[in-house]
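K.L.:
Could you put the whole structure together from the sequences, leaning on the hints where they help?
Just so you know, the sequences run in chain order S and A. When we follow this note's numbering, the leftmost residue of the first sequence carries the number 7, and every step to the right adds one. When we follow this note's numbering, the leftmost residue of the second sequence carries the number 7, and every step to the right adds one.
Calculated from the structure, these hints are not laboratory results. Warning: the hint list may mix true and false statements.
Since the list gives no way to pick one copy over another, a pair counts as held whenever it fits inside one copy or between any two copies.
27 angstroms max Cα-Cα, derived DSS-like pairs, lysine-lysine [claimed, not checked]:
id, residue 1, residue 2
1, 248, 182
2, 95, 274
3, 72, 274
4, 298, 97
5, 182, 72
6, 298, 182
7, 95, 298
Protein chains: 2
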Amino acid sequence: MKKEVAVGIDIGGTNTDFGIIDRDGNCLAKDSMKTNSYDDVAPFLDELTDKIKNQILSLNGTIEVKGIGVGAPNGNYFNGTIEFAPNLKWKGVINLAEMLDKRMNLPVILTNDANAAAIGEMLYGAAKGMKHFIVITLGTGLGSGIVVNGELLYGHDGFAGELGHTIVDPEGRLCKCGRRGCLEAYASAPGMVWTIREMLKNDNTPSVLRNINIEDLTSKDIFLAAQKGDKIALEAFDYTGKILGMKLSDAIAFSSPEAIILFGGVAKAGDLIFTPTKKYMEQYLLPIYRNKVKLLPSLLKKENAAVLGAAALVWTH
Amino acid sequence: MKKEVAVGIDIGGTNTDFGIIDRDGNCLAKDSMKTNSYDDVAPFLDELTDKIKNQILSLNGTIEVKGIGVGAPNGNYFNGTIEFAPNLKWKGVINLAEMLDKRMNLPVILTNDANAAAIGEMLYGAAKGMKHFIVITLGTGLGSGIVVNGELLYGHDGFAGELGHTIVDPEGRLCKCGRRGCLEAYASAPGMVWTIREMLKNDNTPSVLRNINIEDLTSKDIFLAAQKGDKIALEAFDYTGKILGMKLSDAIAFSSPEAIILFGGVAKAGDLIFTPTKKYMEQYLLPIYRNKVKLLPSLLKKENAAVLGAAALVWTH
Numbered sequence: 007m008k009k010e011v012a013v014g015i016d017i018g019g020t021n022t023d024f025g026i027i028d029r030d031g032n033c034l035a036k037d038s039m040k041t042n043s044y045d046d047v048a049p050f051l052d053e054l055t056d057k058i059k060n061q062i063l064s065l066n067g068t069i070e071v072k073g074i075g076v077g078a079p080n081g082n083y084f085n086g087t088i089e090f091a092p093n094l095k096w097k098g099v100i101n102l103a104e105m106l107d108k109r110m111n112l113p114v115i116l117t118n119d120a121n122a123a124a125i126g127e128m129l130y131g132a133a134k135g136m137k138h139f140i141v142i143t144l145g146t147g148l149g150s151g152i153v154v155n156g157e158l159l160y161g162h163d164g165f166a167g168e169l170g171h172t173i174v175d176p177e178g179r180l181c182k183c184g185r186r187g188c189l190e191a192y193a194s195a196p197g198m199v200w201t202i203r204e205m206l207k208n209d210n211t212p213s214v215l216r217n218i219n220i221e222d223l224t225s226k227d228i229f230l231a232a233q234k235g236d237k238i239a240l241e242a243f244d245y246t247g248k249i250l251g252m253k254l255s256d257a258i259a260f261s262s263p264e265a266i267i268l269f270g271g272v273a274k275a276g277d278l279i280f281t282p283t284k285k286y287m288e289q290y291l292l293p294i295y296r297n298k299v300k301l302l303p304s305l306l307k308k309e310n311a312a313v314l315g316a317a318a319l320v321w322t323h
Numbered sequence: 007m008k009k010e011v012a013v014g015i016d017i018g019g020t021n022t023d024f025g026i027i028d029r030d031g032n033c034l035a036k037d038s039m040k041t042n043s044y045d046d047v048a049p050f051l052d053e054l055t056d057k058i059k060n061q062i063l064s065l066n067g068t069i070e071v072k073g074i075g076v077g078a079p080n081g082n083y084f085n086g087t088i089e090f091a092p093n094l095k096w097k098g099v100i101n102l103a104e105m106l107d108k109r110m111n112l113p114v115i116l117t118n119d120a121n122a123a124a125i126g127e128m129l130y131g132a133a134k135g136m137k138h139f140i141v142i143t144l145g146t147g148l149g150s151g152i153v154v155n156g157e158l159l160y161g162h163d164g165f166a167g168e169l170g171h172t173i174v175d176p177e178g179r180l181c182k183c184g185r186r187g188c189l190e191a192y193a194s195a196p197g198m199v200w201t202i203r204e205m206l207k208n209d210n211t212p213s214v215l216r217n218i219n220i221e222d223l224t225s226k227d228i229f230l231a232a233q234k235g236d237k238i239a240l241e242a243f244d245y246t247g248k249i250l251g252m253k254l255s256d257a258i259a260f261s262s263p264e265a266i267i268l269f270g271g272v273a274k275a276g277d278l279i280f281t282p283t284k285k286y287m288e289q290y291l292l293p294i295y296r297n298k299v300k301l302l303p304s305l306l307k308k309e310n311a312a313v314l315g316a317a318a319l320v321w322t323h
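P.N.:
Structure (structure tokens):
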């Protein structure tokens, strides 16, 4: 008998990860491609479907693909669309589920990328058995998947959970969404680069980061410098943790979760980001919530929680 | 046959409203007393239960009381307790449900006052038929009752929905909770008084409010002055609406509700508070949410939504 599987796709602002996943969350094949190399969505999907078809062929008749699950920034679960995603080059409303269905001839379920990660963590990762938790994706942008009473929070229109666009400072940094002072403009890979550029400009402290052309600086450079104890890089992590911790305290006052899980590129910095975020989160929390809410890394080390969660949409839909 | 009824009690920072409510939400008797005249909870409950027993007697054997529902600031649904309520004189953890049960010998269900108001609006008021909405109580404090998928959001510990203690400015006004810059320190009756005192100090614009001793100023004075077109009073409403509108935009990015309902003393100012709040809320919203979320007054004009909602807890528990 063939093994029933689903295709899971996690579309990020920089990379797209995808894989063939069975009902138990085992990954039978996986691959990745650059999202931001494609100015249009059609050639991106052409290339993606070619790669997926090759994955399916490589499993050589042992599997039966039941459907495709997609996590995408600004993904709308109700409509199967990506709508006005600030971190993608593809603008406006994109009928991604329909476009993918035409190319693959398989049912496609789409949701927000952070929601997909939340499903992955709930079924296979750090949130197993939890009824109330939040997943924060820290990468090109800041996404959030909110689970209440064991179910994803979609809201009345499918767009609940955009914590990256809650406001830190109404006069603050210009966000890609066109407004000012969004959390994402501070707590994300580009937000950290913005922070370090400001710090290098306004502070004379020596830093290895001064050896890099300021226009070429990446969040990875900041991470590597911080690991070596670079003072400015460490300050940038502290500042990022302060703002993220403050806004997480707001999120806790909203849904009182058991845990918040940090996921994505910036979260891979480990203690460098977790320690200040936890410190400031506790400091800013209303006393009734203090020392109750866990701040956890993704437990899915080898696999991408959003790919597993996107695939799981096929079973739970 | 006797009519089945429940007692509904809404404990506010200033007043406590209560009544005898039937299964259809009809109020058969109602009364009110001052909460803040009682330094201790025991004599408050002695007086309250005397009054309720008299109400029951006045209905002269036509009713059968099935239970008591209570809405209270910092009320915990899971424990039947009021815990560390900044706007009450009674400190620490109070086993209110147990204390009331002993006095009345009836089952007591307790929840947060704003949750009770949300239940009242959902069953009988502005949120009839809605699955996703938020009730904001604007009075001595700022409370919030959040409904998702047609159910109150309690979170993992019963304390979800403390939007009054989300942070507007971490260096801002000292809040009664001991932290700085909480929404409640700006958008509430005492918050508006704080705002007007600052404005009268920092601005020379003539105002009828200058005729009142600055220590005796109340939010009602501000309301009456604004109604007469007093410039400073109108500015205070605009400023309150700006801060409230900004934080409501954060709340919408969290749960994407169909509507937000403003309830309580400050909300009774009508357009004076609704117009600026709506204007700034739309301005601060992420585009995907704009012109979608209704900002509504309580539809329960004659009755107190929190009393009706508290009583309804007895039927839905």
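K.L.:
Is it within a copy, between copies, both, or neither that the alpha carbon of residue 95 lies no farther than 27 angstroms from that of residue 298?
P.N.:
between (40 angstroms within a copy, 26 angstroms between copies)
K.L.:
Go through the copies and call it for residue 298 and residue 97: within, between, both or neither, with a Cα cutoff of 27 angstroms.
P.N.:
Between. Shortest inter-copy distance 21 angstroms satisfies the 27 angstroms Cα cut-off; intra-copy 41 angstroms does not.
K.L.:
For residue 182 and residue 72, with the copy left unspecified, which applies at a CA distance of at most 27 angstroms: within, between, both, or neither?
P.N.:
Neither way: residue 182 and residue 72 sit 36 angstroms apart in one copy and 56 angstroms across, limit 27 angstroms.
K.L.:
Treating 27 angstroms as the Cα threshold, decide for residue 298 and residue 182: within, between, both or neither.
P.N.:
Cα proximity of residue 298 and residue 182: across copies only (22 angstroms, versus 34 angstroms in one copy).
K.L.:
Check residue 72 against residue 274 for me: Cα-Cα at most 27 angstroms, and say if that holds within a copy, between copies, both or neither.
P.N.:
neither (32 angstroms within a copy, 55 angstroms between copies)
K.L.:
Have a look at residue 95 and residue 274 and pick one of within, between, both or neither, based on CA distance no larger than 27 angstroms.
P.N.:
within (25 angstroms within a copy, 46 angstroms between copies)
K.L.:
First find the shortest C-alpha distance between residue 248 and residue 182 inside one copy, then the shortest across copies, and answer within, between, both or neither for a cut-off of 27 angstroms.
P.N.:
both (21 angstroms within a copy, 23 angstroms between copies)
Going through the hint list in order, the structure does not satisfy hints 3 and 5.
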